[in-house]
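Chemist: Each chain is listed here by its residues.
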Amino acid sequence: METIEKKSAKNAEVKDAQSVVILFAGDSGDGIQLTGSQFTNTAALLGNDISTFPNFPAEIRAPQGTLAGVSGFQLHFGSVNVYTAGDVCDVLVVMNAAALKANLKSLKKAGTIIANSDGFDPKNLDLAKYPKGVNPLTDGSLEGYRVITMDVTKLTRLCLADSGMGTKDIDRSKNMFVLGFIYWMYNRDLNFTIEFLKEQFKKKPELIDANTKVLKAGYSFGDTTETPMTRYNVKSAPMEKGTYRNIMGNQAAALGLIAAANKSGLKIFYGTYPITPASDILHELSKYKNFGVKTFQAEDEIAGITSAIGASFGGALGITASSGPGIALKGEAIGLAVMLELPLVIINVQRGGPSTGLPTKTEQADLFQALYGRNGECPAVVVAANSPSDCFTMAYEACRIAVEHMIPVFLLTDGYIANGSEPWRFPNAADLKPIKVEFAKAGAEKFLPYKRDEKLSRPWAIPGTKGLEHRIGGIEKQNETGNISYDPENHEFMVKLRQEKVDRIANYIPEVKVEQGKEKGKLLVLGWGSTYGSIKTAVRDSLAAGIDVSQAHVKYMNPLPKNLGAILKNFDKVLIPEMNMGQFATVVRDRFMIDAIRLNKVQGMPFTAEEIISKIKELAK
Amino acid sequence: MSAETTNPEAKLTAKEFVTDQDVRWCPGCGDYSILKQVQSVMPEIGIKREDIVFISGIGCSSRFPYYMETFGLHGIHGRAAAISSGLKAVRPELSVWMVTGDGDCLSIGGNHFIHLLRRNFDIKVLLFNNEIYGLTKGQYSPASPLGKVTKSTPMGSVDHPFNPLALALGADGTFIARSMDRDPKHLREILMRANKHRGTALVEIYQNCNVFNDGAFEVFTEKSSKKMETLFVEQGKPLIFGENADKGIKLDGFKPVIVDLANGASANDLWIHDETDAVKASILVRFFDKADKPGHLPRPFGIFYTEDRFTYEDALSAQVNEAMAKGADLDALLRGKNTWTI
Ligand code: SF4
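In order, the protein sequence lines correspond to chains A and B.
When you line the first sequence up against my numbering, it's residues 36 to 656, in that order.
When you line the second sequence up against my numbering, it's residues 42 to 383, in that order.
Source of the hints: derived by calculation from the structure; they are not laboratory data.
Even glycine gets a Cβ: it sits at the ideal position worked out from N, Cα and C.
Just to be clear, a hint being listed does not mean it is correct.
[Said to hold, decoys possible] Straight-line alpha carbon distances no greater than 20 Å define the calculated PhoX-like cross-link-like pairs of lysine-lysine that follow:
id, chain 1, residue 1, chain 2, residue 2
1, A, 324, B, 268
2, A, 501, B, 268
3, A, 557, A, 608
4, A, 501, B, 77
5, B, 192, B, 268
[Claimed, not checked] Listed next, the stretches of chain A that the computed footprint assigns to chain B, with coverage defined by at least 3 CB atoms under 8 Å from CB atoms of chain B:
id, region
6, 73-80
7, 265-278
8, 379-385
9, 502-511
10, 604-614
11, 624-636
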């Protein structure tokens, strides 16, 4: 949204913009992710609100220049609050022809294309499957967009001509030229990136100089070029006062686990098997052995979870993580944990399914799997994070519930928030909710491993405690004694007891709130998980357009917040947008007999706010 | 560490390792004898009862933990190795015993088994091998011999069986031994040695399932054939067997050959057992021919191989301790490297 216009001293005019979406795209080897994250951090330091979403190719090293090899990094920053990485982009930065072809559809009308002309030579055009002799930069097909071309390769080589570096090494700095130019366009300081380069290349000072030089050259290219240009000012956003950092979802989840372990006095055991998009939690946690974290890269998914169960039996905070296919393999072991009534956190960073599905794309289609995907009557607690930084909060909550209630807890996140990032007003360790853990001690009476407290939670009796020797297992057991029991009445009693134990957790979780709009009205947009940003934006904009609509978002999926039913009954219609075929809508119908209207998208991509707005408009008629 | 924890109190008796649960194996099952030997060895190993944990998977043998008055976890099919590994990783000071069967360990749990061996967690593995599926009522197992007629193989099994100890050696196991349910004294000795080993100690125990596979190991256990068909190996001693200890085994290059001590062969030429010799162990585990094969070698019992190698939990703890010595500040972690204030 461009508002005020001024004239700059030189060739460029300067405008103010409320929010801007930039999509950097190029080969995996072009340093796209780095360029994106540098701009993100610089924008964040200036006080913009920001949301990012990287888009990785499915193959690790797809052939250079091809459509399959295009890597993207979308970022949305603004002087207003932003909740998503943006529906369409204002600026599309493309390092080659394939990047343009793959992403042109995401560019808004009259948007800006910044193209590296060197990436549009006949070879690259051919790789991008443009017909022979067709170059989109010159054939007029991009009329209607503002196209800025620059030969980044040539300009970078020129800049480092007397550096003594080889061409191959020089070409690696290309992304710095582009970054410098974008900094110029948005009037940003280069310092953050220069400091980053100093840190990054501590051991190779010649690379600090080279990259800084190219970065500055990109910036001055804007100042000196003859082409008429527009520069934009994006002022700081009205963020809540406080100290912020930028954080990605998987990173936030890891920190949440560490914080919970720290506050509960437990040590983390993280048993897992590599899988996209959950592995970054493992990478992150394995860095923090100084917190006593033990990570165990197991031989398979099943060993990942069963080793975590063994660790929990021993008094550690047992955690496992995976994505849908891996969770499927863990199903039987989750059942064991439900029977053993030991604390266990199971993280599912959801991706497109079924089977291998779309490993690098996002989806919310594992809610049923978390709620029901086991043999027998096997209820587990399920919580879901709604944004990158919320992964911290909900990972912390998952641990709290698991240890305070002696129960397995699922944490659902997904590829969108796991890899996406946003500013995070991080908490002080001292302000985090305390987590109470007490291991059982021997008393005067005979020890009963399944004797329960008011939460129906049983004692955590760890090996090494004299007088508490006991045996537990997956076979049905008698309450209190834990002895094997095949008695028919006892089985039904225990099935109901395990359900009641989960249900009672509703007394220990926060209620759900109507976040936007009236408490009672025509239409409530109800969401869960990562659709939060799109729904929040859509409802905000619809309210601004005078539509009577409200918004609520659920983070505790099982048990559900106690007041959810009452809230739903206050609205004529309930709309549930989900990145699946309507799983939560089915749960809502089952629990509350409310036939919510479904808005489903199963494309491996998050909702755009616009998609939700148009549904709201349709329903508001 | 496990073996070194001493018991300051009065020594326990085998009885104090018996639980109040009824033992539910079939009458005559070999498991009873093994249970009895384990219960009688426990007071001898000098570890407090509360520091001992028995972990199992699924199968007849996996009921074992319910009968041991220690800590116990009856897991799910095949996963005892992984459960034990997780426990041992966080509680290296505990004495962890895993009880498993040939189906549980070699079939559904095969993957965890080989990875346990290579990682060398300090876990004692008691593999009750009865060459059959007992709990599911009599299907052939990956240890059943070729041609075995069972409920699921009415025309005989066409599955080539595992040689469990060769598998374990191939997976870089650091303690590989075999014993049997019908030789309590030998079993006790091997269990004592397994307990002393720091690392994964695999004890394969031939166990008779008198209901579904009765007599599978008869030639090794019955008086009439035991002396001819078995070879009890002992460290530093020559390989001798036979009715009157009159047969020996010597190595002809890498080929083991049976020699007749009564007919002029010298005891000095015999193969001397060295449990630290990996090459010899790899030959010894291959003494696996069926007793009806002419000229077959006797089946060895005892400790085939031992190796002193670091355990996974020690290496993991060393890294964690090294990192923890540098300190940990939760606020610094939450804050990260780049912050800004509004
Ligand atoms: S089925 Fe066989 S192994 Fe199982 S308890 Fe009965 S005799 Fe023992």
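Chemist: Which of the numbered hints above does this structure break?
Modeler: Result: hints 1, 2, 4, 5, 8, 10 and 11 break, sorted rising.
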